[in-house]
Amino acid sequence: MSHSGIPGIDPFMKFWTEAVKAMASAGMTPPQPPPDLLTQLRRVYFDTLAEQADQFMRSETFLGAMKQGMEASLAWQQGVNQMMQRGLAAAQAPSRADSEHVVLLLRGMEERILERIEDLSARLGKAEGAGAAARGAAGREERKE
Amino acid sequence: MSTMTSNPWGLTPEQLVANWESFIRKAWSLPKVAEVAQRVQVGCTPAQIVSRDDNIRLLRYETADEKRYATPLLFVFALVNRPYILDLRPEKSVVGHFLRRGFDTYNIDWGVPADGDRYLGLKDYVLRYLDHAVDHIRERTGQERVNLLGYCMGGTMTAMYTALRPEKVRNLILLTAPVDWSVKDNLLSLWADERYFNVDRMIEVYGNAPAQWLQASFLMLKPVQNMLEKYVTFYENMDNEKWLEDFFAMETWLNDNIPVAGEVFREFVKYMFQKNQLIRGELEVAGERVDLAKIACPVLNLIAQNDHLVPPNQSLTFNDVVSSADRRLITFPAGHIGMAVGGKAHRDLWPTVCDWLAERSQETKAAN
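Chains A and B, in that order, give the protein sequences. 107 is the number that the working numbering gives to position 107 of the first sequence; each next residue is one higher, with no gaps. To get the working numbering, take the position in the second sequence, counting from 1, and add 145.
Excised from the complex, chain A in its bound form (with noise of 0.2 Å):
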């Protein structure tokens, strides 16, 4: 048999299915099996696997499990957290809680000088909508003189 394409492999291939041969013609002569049949076997084991696991993990005891599970995560990472801040205080290091606190700062900062901007913008316009109106009725007198 050839197997073009993957080089040096024939020879190892003939070893091997001869030594296959001889093994499987040895002791077995069963009939005829579907040729499909592990395959139908396999999807059927994996669909009522993949069904059991969604039952499980709609379950009370999972989503509960699942909770609890999440609640020691969380306290425990937030003790990692504090530990952590404690330490890079006493190193006089900033930590991600004090970055947090500058992000919070720039955010107010740049919230209040948008707020004042549209504000000014509002103003100004505003101010040259009277301004035009003014104009307006200046002319309008000039040309009635």
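Everything labelled a hint here was simulated from the structure, so no lab data went into it. What you were told as hints is all true, and nothing was included just to trick you.
When the alpha-carbon atoms are kept at most 16 Å apart in a straight line, the in silico EDC-like pairs for lysine to aspartate or glutamate are as follows: (1) Lys329/B to Asp54/A; (2) Lys367/B to Asp47/A; (3) Lys237/B to Asp391/B; (4) Lys329/B to Glu60/A; (5) Lys313/B to Asp280/B; (6) Lys375/B to Asp47/A; (7) Lys67/A to Asp338/B; (8) Lys439/B to Glu429/B; (9) Lys420/B to Asp325/B; (10) Lys367/B to Glu51/A; (11) Lys268/B to Glu110/A; (12) Lys67/A to Asp345/B; (13) Lys387/B to Glu236/B; (14) Lys268/B to Glu111/A; (15) Lys367/B to Asp54/A; (16) Lys268/B to Glu115/A; (17) Lys375/B to Glu396/B; (18) Lys67/A to Glu339/B.
With chain A's structure known, arrange chain B on it following the hints.
Only chain B this time, still in chain A's reference frame:
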């Protein structure tokens, strides 16, 4: 008589030999597998960055195809995972369909949120970054309105945006976008229920929603498929180079996880999954109420029939609440990701979507 004659599960010597040969062939192809894994590329269409907004990049896809439509198209992907799933491989590129049809096509790359981005919320993503991207495209193309295509969570944000800034959107396409969480029959909705999941505490402790945690949650939605069946199929196809290329491209994307900014994750879980505020018209973004009834542009709602992440009932109601006279719903037999990378979707779905959009987009003067 052999005892094997009564065993219907027994293999014939020929089958044993065939299995053995197959095993050897696969073992022999291991170097090839490693080579394909290393050389596979994702995100196949060249794109240039046309604007940056903090960490967010607006990409414009380059093409030699003639531009036929003046109305530009912007893809908006979810904040989870990377947007190149829409352009994974040359023959599996949603972007490619629109480019070949002559659309000027853009995509938002949300980037990777850093620890300092934990306070970015819906108001930042929807009314700042998305709005800036839309404005940039409008300014660049001289078009008053753009076409939007939102995928998954990106579709939800796109729907919010269209409701808040309807004057800037010409056509809206939602691709497996959840908008209604009233029926909690899928695992994700159940896990996110407030009885089992305290999102405030999680964000308080972690800052952003960790990438590994998100990845584990998605894997657990289909544990047998994702952690067992996938590898059996991989073994069976180890000597199939074309299959390996697709497999590794997909794996690259699946494992390219990014965290989600804490505040937007919190808002999404709390106000969508837990309180279902969007479809009820109770959601507020930066003080503005998101009223989906304000969406009056043509709407195309694409739903994946076998979606385990966003089941059809989370998207179906969208068409009932918008006020668009021109609205269409397509339910396609595919899964959540299959809509973007499935061969059937590329053959049957995307040409239809391109037709729909082409009929509703302004043609260029040259095309006229």
